[in-house]
Amino acid sequence: MILFFTLSSGLILLLLFGFNYRYSRIMMEKKMEENAQNLAQAKVNSIESLLLAVQKVPENLACFLENGVYNREELRRLLSALVEKNGEIYGAAVAFEPYGFDKKTLHYAPYYYRTGGVIKFTDLGQGAYGYTHGDWYQIPKEINRPDWSEPYYDEGGGNILMATYAVPFYRKVDGQRRFMGIVTADVNLEKLQEVVSSIKVLQTGYGFLISRNGTILTHPAKELIMNETLFGVAEARKDVHLREIGRRMIKGESGLVPFRSLMTEEPCWMYYAPIPTNGWALAVLFPQKEFVADITRVSRMIILLGLVGLLLLSLAVAFIARSITRPLKAMAEATKTIATGNLDIALPPVTSGDEVGRLTESFQTMKESLKTYIAQLTETTASKERIESELKIAHDIQMSILPKLFPPFTDRPEFNIHALIEPAREVGGDFYDFFFVDEDHFCFVIGDVSGKGVPASLFMAVTKTLFKATTTKGMAPGEILTAVNRELGEGNASCMFVTIFCGILDIRTGEVTFANGGHNLPFLVYRHREATMLEANPGLVVGVMEDFVYETDKLRLEPGDAIFLYTDGLTEAMDKAGAFFSEERLAEQLAASKGKPAPQLLADIMAGIASFSQGAPQSDDITMMMIEFRASKK
Amino acid sequence: MNKLLTIVRPATLDNLASLVKSLQNGKRYMRRVFLILCLTLFWGVSPLWAEAVLKKASFLPHWSPQAQFAGYYVAYEKGLYQKQGLALTIIQGGPGQPPIEYLEKKKADFVLTWLTAAIQRSTGGVKLINIGQLIQRSALMLVAKKSSGIASPQDMNGKKVGLWPGDFQIQPKAFFRKHNLRVQVIPQSFSVNLFLRGGVDVASAMWYNEYHTILNAGLDPGELNTFFFPEEGLNFPEDGIYTLAETYRKDPALCRAFVQASLEGWRYAFSHPEEALDIVLKYIARAKIPANRVHQRWMLARMQDLMEPVDKGKPFGILQSADYERVAQTLRESGTLKTTPSYRDFFFR
Numbered sequence: 009m010i011l012f013f014t015l016s017s018g019l020i021l022l023l024l025f026g027f028n029y030r031y032s033r034i035m036m037e038k039k040m041e042e043n044a045q046n047l048a049q050a051k052v053n054s055i056e057s058l059l060l061a062v063q064k065v066p067e068n069l070a071c072f073l074e075n076g077v078y079n080r081e082e083l084r085r086l087l088s089a090l091v092e093k094n095g096e097i098y099g100a101a102v103a104f105e106p107y108g109f110d111k112k113t114l115h116y117a118p119y120y121y122r123t124g125g126v127i128k129f130t131d132l133g134q135g136a137y138g139y140t141h142g143d144w145y146q147i148p149k150e151i152n153r154p155d156w157s158e159p160y161y162d163e164g165g166g167n168i169l170m171a172t173y174a175v176p177f178y179r180k181v182d183g184q185r186r187f188m189g190i191v192t193a194d195v196n197l198e199k200l201q202e203v204v205s206s207i208k209v210l211q212t213g214y215g216f217l218i219s220r221n222g223t224i225l226t227h228p229a230k231e232l233i234m235n236e237t238l239f240g241v242a243e244a245r246k247d248v249h250l251r252e253i254g255r256r257m258i259k260g261e262s263g264l265v266p267f268r269s270l271m272t273e274e275p276c277w278m279y280y281a282p283i284p285t286n287g288w289a290l291a292v293l294f295p296q297k298e299f300v301a302d303i304t305r306v307s308r309m310i311i312l313l314g315l316v317g318l319l320l321l322s323l324a325v326a327f328i329a330r331s332i333t334r335p336l337k338a339m340a341e342a343t344k345t346i347a348t349g350n351l352d353i354a355l356p357p358v359t360s361g362d363e364v365g366r367l368t369e370s371f372q373t374m375k376e377s378l379k380t381y382i383a384q385l386t387e388t389t390a391s392k393e394r395i396e397s398e399l400k401i402a403h404d405i406q407m408s409i410l411p412k413l414f415p416p417f418t419d420r421p422e423f424n425i426h427a428l429i430e431p432a433r434e435v436g437g438d439f440y441d442f443f444f445v446d447e448d449h450f451c452f453v454i455g456d457v458s459g460k461g462v463p464a465s466l467f468m469a470v471t472k473t474l475f476k477a478t479t480t481k482g483m484a485p486g487e488i489l490t491a492v493n494r495e496l497g498e499g500n501a502s503c504m505f506v507t508i509f510c511g512i513l514d515i516r517t518g519e520v521t522f523a524n525g526g527h528n529l530p531f532l533v534y535r536h537r538e539a540t541m542l543e544a545n546p547g548l549v550v551g552v553m554e555d556f557v558y559e560t561d562k563l564r565l566e567p568g569d570a571i572f573l574y575t576d577g578l579t580e581a582m583d584k585a586g587a588f589f590s591e592e593r594l595a596e597q598l599a600a601s602k603g604k605p606a607p608q609l610l611a612d613i614m615a616g617i618a619s620f621s622q623g624a625p626q627s628d629d630i631t632m633m634m635i636e637f638r639a640s641k642k
Numbered sequence: 570m571n572k573l574l575t576i577v578r579p580a581t582l583d584n585l586a587s588l589v590k591s592l593q594n595g596k597r598y599m600r601r602v603f604l605i606l607c608l609t610l611f612w613g614v615s616p617l618w619a620e621a622v623l624k625k626a627s628f629l630p631h632w633s634p635q636a637q638f639a640g641y642y643v644a645y646e647k648g649l650y651q652k653q654g655l656a657l658t659i660i661q662g663g664p665g666q667p668p669i670e671y672l673e674k675k676k677a678d679f680v681l682t683w684l685t686a687a688i689q690r691s692t693g694g695v696k697l698i699n700i701g702q703l704i705q706r707s708a709l710m711l712v713a714k715k716s717s718g719i720a721s722p723q724d725m726n727g728k729k730v731g732l733w734p735g736d737f738q739i740q741p742k743a744f745f746r747k748h749n750l751r752v753q754v755i756p757q758s759f760s761v762n763l764f765l766r767g768g769v770d771v772a773s774a775m776w777y778n779e780y781h782t783i784l785n786a787g788l789d790p791g792e793l794n795t796f797f798f799p800e801e802g803l804n805f806p807e808d809g810i811y812t813l814a815e816t817y818r819k820d821p822a823l824c825r826a827f828v829q830a831s832l833e834g835w836r837y838a839f840s841h842p843e844e845a846l847d848i849v850l851k852y853i854a855r856a857k858i859p860a861n862r863v864h865q866r867w868m869l870a871r872m873q874d875l876m877e878p879v880d881k882g883k884p885f886g887i888l889q890s891a892d893y894e895r896v897a898q899t900l901r902e903s904g905t906l907k908t909t910p911s912y913r914d915f916f917f918r
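Chains as they are written, first to last, in this note's numbering: chain R, 9 to 642; chain B, 570 to 918.
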């Protein structure tokens with residue numbers, strides 16, 4: 009986590025740094041180009057003004073020589089004065105064509121030059137100098153215009169490194185313009201070297217000057233001066249690009265190019281510009297290393313600061329992360345213990361008011377709540393278990409008061425009876441009973457107490473007991489129900505009631521007398537016909553109105569016929585969608601199982617309900633009872 | 570006198586050691602080595618004895634020090650002349666030292682000069698002979714800027730052509746004669762600036778020197794048209810070693826030893842060009858002349874091209890009779906000479 013954080017912070021820092029570096033570099037380069045241009049132009053201007061000042065002198069003198077009249081003395085005085093008065097001139101000469109000055113002198117070239125603070129004179133025509141083959145003489149003569157010479161060591165003349173501006177002069181002879189000679193003015197190259205060597209760029213940047221031939225005229229490396237041309241350097245370095253730069257320079261172009269120093273070969277930027285007056289070119293070099301030195305220094309500082317910052321950040325992150333994770337870790341340990349059920353473990357102490365602190369508090373509360381809850385739950389479970397066991401006992405008792413031995417009367421073949429009860433809860437409100445009133449009369453009853461559970465079950469027990477106690481020989485079912493109703497109605501504080509259907513079968517004749525106290529009407533299952541629901545007075549539920557009188561009805565069963573009694577738990581059994589099992593389905597089920605023995609038939613119906621309800625919880629007790637009349641004893 | 574370099578230095582042990590070392594190299598000289606070793610025993614007694622072994626001789630190249638003479642400087646510096654039994658003095662050449670005059674006045678035993686110059690002088694009294702012809706091809710050439718529109722000899726008609734004086738004009742003039750050209754000859758100085766500034770349309774140049782100067786003034790070869798005389802049937806061998814017939818008669822072994830050592834010097838220079846350039850530059854510096862290694866390297870490479878015999882396989886340093894006859898005939902045709910010496914009387918080897 010800390011590593012990820014540090015890395016992503018580092019990446020952001022790096023991106024910022026890269027952008028900053030690039031942008032500053034571009035800005036610096038732009039600025040440098042401007043600076044270079046300005047610097048070079050300024051230097052070109054000062055060289056130009058020097059050269060132009062030098063040019064004036066021979067131009068004026070040539071004009072005078074073409075038009076004026078002069079003798080040897082006058083010419084020398086004039087020349088001497090010109091050199092003396094024009095400080096930028098090193099020397100000046102007037103060189104005549106052979107026998108051009110007079111018919112007696114082959115070569116005449118008076119030359120004044122300054123040396124050691126004084127003006128000296130020499131005649132270049134004397135001795136082995138042979139000026140007519142000199143470049144400064146020959147070139148302007150042949151091209152018929154003034155020209156700046158390539159710089160040269162003037163041996164025999166001024167004995168210094170100089171460049172000469174030479175102006176041809178003419179005279180009209182016989183109507184023809186005839187070349188008479190050359191007027192020159194020399195500039196000491198030291199003067200130009202001073203201008204160029206004053207160029208200081210950054211720490212080691214410098215300027216240099218080249219001639220029209222590419223000859224290096226000024227350079228910090230003295231051994232290059234007059235010895236090398238840019239093209240020679242290009243050849244030595246096998247650098248075609250440098251040669252191309254040189255060609256552009258001597259063609260009078262200007263520009264900014266990458267370059268390698270002539271001395272150190274270090275990469276530089278070079279700006280070059282022409283000196284229009286004489287076609288030379290000036291170059292200014294910016295060492296790249298120094299030019300980016302400031303950026304590099306700043307960048308290095310930024311990187312250092314960034315690294316320190318990153319380190320501090322990482323430490324802070326580590327510290328904060330630890331202060332969060334330590335209690336969290338402790339809490340994780342604690343919850344692990346809690347998970348095993350040990351709620352008594354102490355949680356780490358709350359040391360801060362932040363989220364972790366609040367979380368710890370919440371954990372503490374949760375733990376306490378859990379503890380209380382579990383305690384309550386334990387208690388509740390214990391009481392529930394007690395109730396459940398009591399209910400179980402109640403169920404057992406309830407079940408034990410219902411006759412459960414089938415067939416109950418094996419010695420009486422005239423009829424058969426079978427019953428089934430399926431309580432919805434442990435203790436239900438349904439009941440059934442049957443017993444002989446006398447030798448030939450068999451009483452049967454089915455009932456359903458309102459409500460469920462223990463109260464219903466108690467009410468059911470009361471009702472059943474009451475019913476059996478009330479029934480005496482010779483009583484019609486209506487009379488029994490009326491009596492039971494009166495008994496139950498008295499002091500029925502809980503306002504419970506019960507539906508009861510009871511009947512008495514004369515096992516000799518198959519005659520059944522019955523009374524209904526609001527109970528579902530039983531089905532008559534005939535041997536030779538479709539089963540039908542008994543049509544009878546529904547009657548009022550028992551236990552509500554104590555003065556109600558129940559009537560007794562009659563029906564007759566043929567041998568093989570049967571009565572099927574049930575509680576509403578059967579017809580109102582629900583499937584998942586909430587639909588009832590209904591009397592119709594019961595009728596179909598009875599029809600389908602026709603002819604089967606009673607136990608089998610009841611089991612089939614029970615299975616039918618189970619498949620109908622599809623696992624939906626049983627909401628009410630289901631009770632069925634079937635009495636089949638076989639034949640009277642003859 | 571500081572311009573004279575002498576091999577006869579003070580007899581130091583240092584000198585002796587180098588002498589002995591240089592002599593140990595060849596088995597042929599074992600006898601001489603033995604002799605030298607014997608002599609060294611008496612070295613301390615009489616330094617003059619050692620000098621007596623080496624024959625004194627002097628040599629003048631026909632121009633100031635440059636790679637054109639690399640072979641001789643290298644032979645000297647590597648002790649090749651000493652090995653041949655010569656105590657040689659190389660006289661510094663230059664514009665003020667005309668070689669044939671030095672030979673005639675016996676200021677030098679051996680000189681370098683052009684074949685044309687030598688043939689002309691050998692008919693005028695003092696008899697000089699060629700004992701080794703180094704440059705087999707003409708390095709002299711004419712150059713024009715393509716921008717001036719001169720692409721063929723005919724284009725030169727009526728143009729300004731810069732020519733050097735003297736023997737440098739023989740070939741160009743024969744060339745103009747051959748093509749029936751009338752040109753305006755402008756005397757050319759030692760610089761090429763007159764040509765570069767457009768003062769002349771065509772300039773003379775030595776292939777190993779001025780042509781390279783022009784290239785290194787920023788003109789590309791593609792911007793120039795060149796005219797080489799060998800292509801015009803005017804191949805004049807140039808630098809050759811000359812001596813007086815009298816000197817040769819007196820001591821032919823001395824002459825052969827000099828030529829032998831000089832040729833060895835050249836071979837060494839061509840196989841060790843950078844070392845040769847170091848030596849040449851040392852001589853140039855001593856003469857206080859601006860030195861440019863790139864230029865000297867070009868010159869040395871061209872010297873190798875020029876010295877290669879035209880017919881491959883022929884030995885180095887021989888004046889071919891056909892070349893000789895061609896030059897002699899051209900000189901006669903130009904009206905410079907009526908008669909020329911025979912090849913047998915001129916070249917000795």
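Derived by calculation from the structure, the hints in this document are not laboratory data.
For each residue, glycine too, the CB sits at the ideal point set by N, CA and C.
Hints are not guaranteed to be accurate.
Claimed, not checked - Here are some chain B residues the structure puts well away from chain R; computed CB gaps all over 10 angstroms:
no. : residue
1   : L763
2   : R766
3   : W867
4   : F885
Unchecked claim - What follows is a list of derived Cβ distance ranges for each label pair:
no. : chain 1 : residue 1 : chain 2 : residue 2 : range
5   : B       : R751      : R       : P284      : 44 to 52 angstroms
6   : B       : K883      : R       : K128      : 37 to 45 angstroms
7   : R       : K128      : B       : P664      : 21 to 29 angstroms
8   : R       : T113      : B       : V695      : 30 to 38 angstroms
9   : B       : G767      : R       : E37       : 36 to 44 angstroms
10  : B       : A720      : R       : G263      : 52 to 60 angstroms
11  : B       : T905      : R       : V126      : 37 to 45 angstroms
12  : B       : R751      : R       : T113      : 48 to 56 angstroms
13  : R       : S88       : B       : G767      : 30 to 38 angstroms
14  : R       : K230      : B       : G791      : 43 to 51 angstroms
15  : R       : E261      : B       : Q898      : 18 to 26 angstroms
16  : B       : Q898      : R       : P284      : 27 to 35 angstroms
17  : R       : R80       : B       : G791      : 49 to 57 angstroms
18  : R       : G260      : B       : V695      : 50 to 58 angstroms
Okay, the hints, checked on the actual structure:
no., hint, verdict
1, L763, "5 angstroms, violated"
2, R766, "5 angstroms, violated"
3, W867, "8 angstroms, violated"
4, F885, "28 angstroms, holds"
5, R751/B with P284/R: 44 to 52 angstroms, "39 angstroms, violated"
6, K883/B with K128/R: 37 to 45 angstroms, "59 angstroms, violated"
7, K128/R with P664/B: 21 to 29 angstroms, "25 angstroms, holds"
8, T113/R with V695/B: 30 to 38 angstroms, "36 angstroms, holds"
9, G767/B with E37/R: 36 to 44 angstroms, "40 angstroms, holds"
10, A720/B with G263/R: 52 to 60 angstroms, "33 angstroms, violated"
11, T905/B with V126/R: 37 to 45 angstroms, "51 angstroms, violated"
12, R751/B with T113/R: 48 to 56 angstroms, "32 angstroms, violated"
13, S88/R with G767/B: 30 to 38 angstroms, "34 angstroms, holds"
14, K230/R with G791/B: 43 to 51 angstroms, "34 angstroms, violated"
15, E261/R with Q898/B: 18 to 26 angstroms, "52 angstroms, violated"
16, Q898/B with P284/R: 27 to 35 angstroms, "54 angstroms, violated"
17, R80/R with G791/B: 49 to 57 angstroms, "52 angstroms, holds"
18, G260/R with V695/B: 50 to 58 angstroms, "55 angstroms, holds"
Violated hints for the displayed structure, listed by number in ascending order: 1, 2, 3, 5, 6, 10, 11, 12, 14, 15 and 16.
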